[in-house]
Amino acid sequence: VTLGVVASAMALSLYSLLDAASLTNRRAGRAVLFVGIVVLPLGAVATGLSYSLHRSQQTAFCLSCHEMAPYGRSLWVDDDEMLPAFHYQRRLVPRATACYTCHSDYALFGDVTTKLNGLRHVYVHFLGQVPDEIKLYEPYPNANCLSCHDGERSFEESSDHETSEVTFAQLRSGQVSCLECHDVAHAVDDLDDAELWKPPRRGL
Amino acid sequence: VTRIRIALLLILLGLAIEGIDVLSVRPITFLAFLFVGAPLVMAGVVIFALRVLRTLEEKGAL
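Just so you know, the sequences run in chain order Y and H. Using the numbering used here, read the first sequence as starting at 1 and increasing by one per residue. Using the numbering used here, read the second sequence as starting at 1 and increasing by one per residue.
Treat the hints loosely; a few may be bogus.
What the hints assert, rightly or not - Here are a few chain Y residues that sit away from chain H, every Cβ distance over 10 angstroms (derived from the structure): (1) A9; (2) A20; (3) I37; (4) Q58; (5) A60; (6) W76; (7) H125; (8) E138; (9) D190; (10) L191; (11) K198.
Claimed, not checked - Only some residues are given here: those of chain Y computed to face chain H with a beta carbon under 8 angstroms: (12) T2; (13) M10; (14) L14; (15) S16; (16) T24; (17) A44; (18) G48; (19) S50; (20) R55; (21) Y137; (22) Y140; (23) H186.
Note that these hints are calculated values from the structure, not bench results. Note that the coordinates shown come from a computational prediction; the quantities given were computed from them, not determined experimentally. Ideal Cβ placement from N, Cα and C applies to all residues, glycine included.
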């Protein structure tokens, strides 16, 4: 749809450009100019922005920068202890938007913050110095885990979440990080020796 | 007519950049659309709008 709107806008703009002198002299021509210069181009920009913002949430978009390649590879490691691999391979997160699902905050301005951080990443990629070790800006928030797991049966029924050392209340308040126990994330330094899961069927 | 042609050229250029972005899934094309393509289209629309306002003013319609 977006491509169609852009193509229509371009076609009408091109027609208007070639025939501008004649169009300005006719009432109907001026209407064509208005549509070709204002309505369709603005519509194309609006749909294009919406489409591009939506698409920037896709895993393929994040992994298109080579710095992210090891993180993409880590999603296929054959090790249930690795949180991203466990979630990705079992489709506990949508595969098409796996990075965004776990790494965008679920707070009021979470989407905006994530987009602004994305702009910063692109700036560093093209104009800055990519750090040797890529780290999160802030400790991983429990809220991101709990947005799916809070109220979920296996989380609620797990005796490990209500012990003498940790309580549900502490997890919900963020006093105790989920990563204190679930502490293997992407582990990109160990990927060389890691075995990857190969789906038995194609198209998974 | 010259102003309108300039506006149309800017719009066409901006839309071409948008078209490349729509066909590609890369951060660089998205940024090019966001910071170059979209502003070019907006600039074209503004130039056209100013021209229309000027014409209406000259004709005493405003």
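Status of each hint after checking the structure:
1. A9: Since the minimum Cβ distance to chain H is about 6 angstroms, A9/Y lies within 10 angstroms and the statement is violated.
2. A20: Its Cβ does come within 10 angstroms of chain H, the nearest being 5 angstroms, so this is violated.
3. I37: violated (5 angstroms)
4. Q58: With a cut-off of 10 angstroms, Q58/Y comes too close to chain H, as the shortest Cβ separation is near 7 angstroms.
5. A60: violated (6 angstroms)
6. W76: For W76/Y, whose nearest Cβ neighbour in chain H is about 20 angstroms away, the distance exceeds 10 angstroms, so it holds.
7. H125: Non-interface label fails for H125/Y: nearest chain H Cβ at 7 angstroms, not farther than 10 angstroms.
8. E138: The assertion about E138/Y holds, with a minimum of 22 angstroms to chain H.
9. D190: holds (27 angstroms)
10. L191: About 23 angstroms separates L191/Y from the closest Cβ of chain H, which puts it past 10 angstroms; holds.
11. K198: holds (25 angstroms)
12. T2: holds (5 angstroms)
13. M10: holds (5 angstroms)
14. L14: holds (6 angstroms)
15. S16: Holds, about 6 angstroms.
16. T24: holds (6 angstroms)
17. A44: holds (6 angstroms)
18. G48: holds (5 angstroms)
19. S50: violated (11 angstroms)
20. R55: holds (6 angstroms)
21. Y137: violated (18 angstroms)
22. Y140: Violated, about 23 angstroms.
23. H186: violated (20 angstroms)
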